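Work the whole structure out from these sequences, hints included.
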Amino acid sequence: MFSISLDDTVKRFAEFLELDDIMSFLTLDELCGSISRINFNNQLATKFVSKVFDECTKIEKNKLLSLMKFSPGDDATQNFKLFELILTSLEIPILNTLFQSIKTQFNTKKQEPSQPPSVKSEKKTPSSVRSKEPLQSSDYELCLLVGIGDEADLRKYIDSHTDINFYCETDKKLTPMMIACRFGHLNIVKLLCSYGVDINRPNSDGYIPLISVIQGDNLEIIKYLYTINLKIPENINENKLVNIAAIYNSLRVMQYFVDEWYMTVDYECCLYAARHSNEIMLNYLWNKFPEMQETKKECCIVAAHYGNVKAINFFYDSKYVDINATDSKGRTTLMEAIRANQIETAKLIIDKNCDVNIKSVKNKDALFYAARNGDVNFLEYLIMKGAIIDDINKLIKVAEKADKSKMVTFFKLQNDYAKNYQ
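Residue 1236 is where the sequence shown starts when you use the numbering used here, and the numbers rise one by one after that.
If you're looking for bench data, these hints aren't it; they were derived computationally from the structure.
A quick note: this is a predicted structure, and the numbers were derived from the prediction, not measured.
Take these hints with a grain of salt, some might be off.
What follows is a set of in silico ranges between Cβ atoms, one per label pair, in the way DEER data are often shown [as the list claims (entries may be wrong)]:
{"id": "1", "residue 1": "1314", "residue 2": "1490", "range": "38 to 48 Å"}
{"id": "2", "residue 1": "1515", "residue 2": "1310", "range": "34 to 44 Å"}
{"id": "3", "residue 1": "1267", "residue 2": "1647", "range": "19 to 29 Å"}
{"id": "4", "residue 1": "1314", "residue 2": "1474", "range": "56 to 66 Å"}
{"id": "5", "residue 1": "1490", "residue 2": "1274", "range": "40 to 50 Å"}
{"id": "6", "residue 1": "1461", "residue 2": "1274", "range": "32 to 42 Å"}
{"id": "7", "residue 1": "1640", "residue 2": "1271", "range": "18 to 28 Å"}
{"id": "8", "residue 1": "1494", "residue 2": "1638", "range": "49 to 59 Å"}
Derived SDA-like pairs: lysine to any residue, alpha-carbon spacing no greater than 25 Å straight-line [what the hints assert, rightly or not]:
{"id": "9", "residue 1": "1286", "residue 2": "1407"}
{"id": "10", "residue 1": "1298", "residue 2": "1326"}
{"id": "11", "residue 1": "1632", "residue 2": "1612"}
{"id": "12", "residue 1": "1458", "residue 2": "1396"}
Ideal Cβ placement from N, Cα and C applies to all residues, glycine included.
What follows is the structure, encoded as C-alpha cells:
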C-alpha cells in the first residue's frame, strides 16, 4: 500500500475517487483523516459513498459518516437521492422499507393535480422525469413496489402495464428479483416467478438472485428456490457459497448449507470468516469444523489486518488463542494490525497484554511498523505499554524512508535527550 501524506490526500481527494479501488491506495485511518478535513457537497458525497462504502463494514461506514462535513445544495431531488444512497448502503432492512414507504407517499402527493391536467402535462416532460430518477419511470416504480413488499399493489401494477421490464437494474445493479430476495419478500419472489421471471438470470455484473438471498440470510427463500429448478452458474463453485454466508454473517443459511447440502468449510472460508464474521458465526464454525481451530493463528492475523475486533475478541477472550503466536514470517497480530494501519485494533491487542517486543524473522518489531506508520501518539502509547527502543537510529531511517517527518522529529528529539543525559 502506498504511503501518502494527509495534505496530499486532501488536495487530491477528487482524483482518488476516480480510481477503481480507492481502498487499495488509502487505509481506513488515512481515509478518516482526509474526509474530516473536506467539506462535501452533493456531488462529492455521492461519488464518495458510491466508490467506498461497498468495501466497508457497517462499523466503518458509520465511522466515515460521522466524520463527514456536508453542505447540502438547493436541489431537493439531489439531496433526496443522496439520502437514499446512504440508507441503501447501510443495509438496514427496516430503514430501507420505511424510507421506500415514505418515498411512495411523497411521490403520490407530488403527483396529485394542483392545476388543470393540460397545464401540468405541458410542464412535465419525459426528460425531466428521467433526470430525477435513476431508472425509467416504470422500472423505478416496479423496483419500489418490490422493495416495499406489498403483493397486492405490485400485482395490480404489473397487470395494468404492458411495458414491464422485469430485468431492469437499480444504480446498485439490483434487479427486481434480487431486491425481493435481498429483503426477504418470499411472497414477491413467488409472484415474480408466476409472471415468468427467470430466477437463474444474472444481472449485468454476473450475479444471480441466490447471492442476494444469502446476503439477507433469508432461509425460506433459499428453500423455495430449490423447489423451482434453481441452477448454479458454472463460474460459481457451489461449495463456495459458504464463503458468501460467512462474509455476510448469514448464520441460518450457513447452517442450511452445511446440514442439508453437506457443504464443508475449508481454509479459505475460515479466513473469510476471520475477516468479516461476528462472534456468533465464528463460534458456530469453531465448534463445527476443525479447520477453524487448525487455522486459528492465521485467522487472528487476518482479523488484525482488516480490523475485525469482534473476531479478535472471540479468538483471544473466548477461545484463548495465544496472543503472541506468529505467522510464517514471525509477525504477531499486533505487528499486522500496525502494518495495516488498524491502530484501534492494535491498541485492543496491546490492552490484552500481548508481548510488544517480539521480533519477526527479519528483526522487525511493533516499533518498526509504528515508525513506518507515522502515528506519533500511537508510538508513545506503545512505549508506555513497555515497547523498548534498542536501535533508535534504525527507527529514524525507517521513518525517513516512509516520509514520516513528525516521527523523524520525535525520534531525533528522543535521541538528543538521551545523549544530553548520558
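To see whether the hints hold, each was checked on the structure:
1. 1314 - 1490: 38 to 48 Å: 42 Å, holds
2. 1515 - 1310: 34 to 44 Å: Because 43 Å falls inside the window, the suggested range holds.
3. 1267 - 1647: 19 to 29 Å: Cβ of residue 1267 to Cβ of residue 1647: about 28 Å, so the range 19 to 29 Å holds.
4. 1314 - 1474: 56 to 66 Å: 45 Å, violated
5. 1490 - 1274: 40 to 50 Å: Given range 40 to 50 Å: holds, Cβ gap about 47 Å.
6. 1461 - 1274: 32 to 42 Å: 51 Å, violated
7. 1640 - 1271: 18 to 28 Å: 20 Å, holds
8. 1494 - 1638: 49 to 59 Å: 53 Å, holds
9. 1286 - 1407: 11 Å, holds
10. 1298 - 1326: Holds: residue 1298 and residue 1326 sit about 15 Å apart, inside 25 Å.
11. 1632 - 1612: Status holds; Cα separation ~19 Å.
12. 1458 - 1396: 31 Å, violated
Of the numbered hints given earlier, the model fails hints 4, 6 and 12; all others are met.
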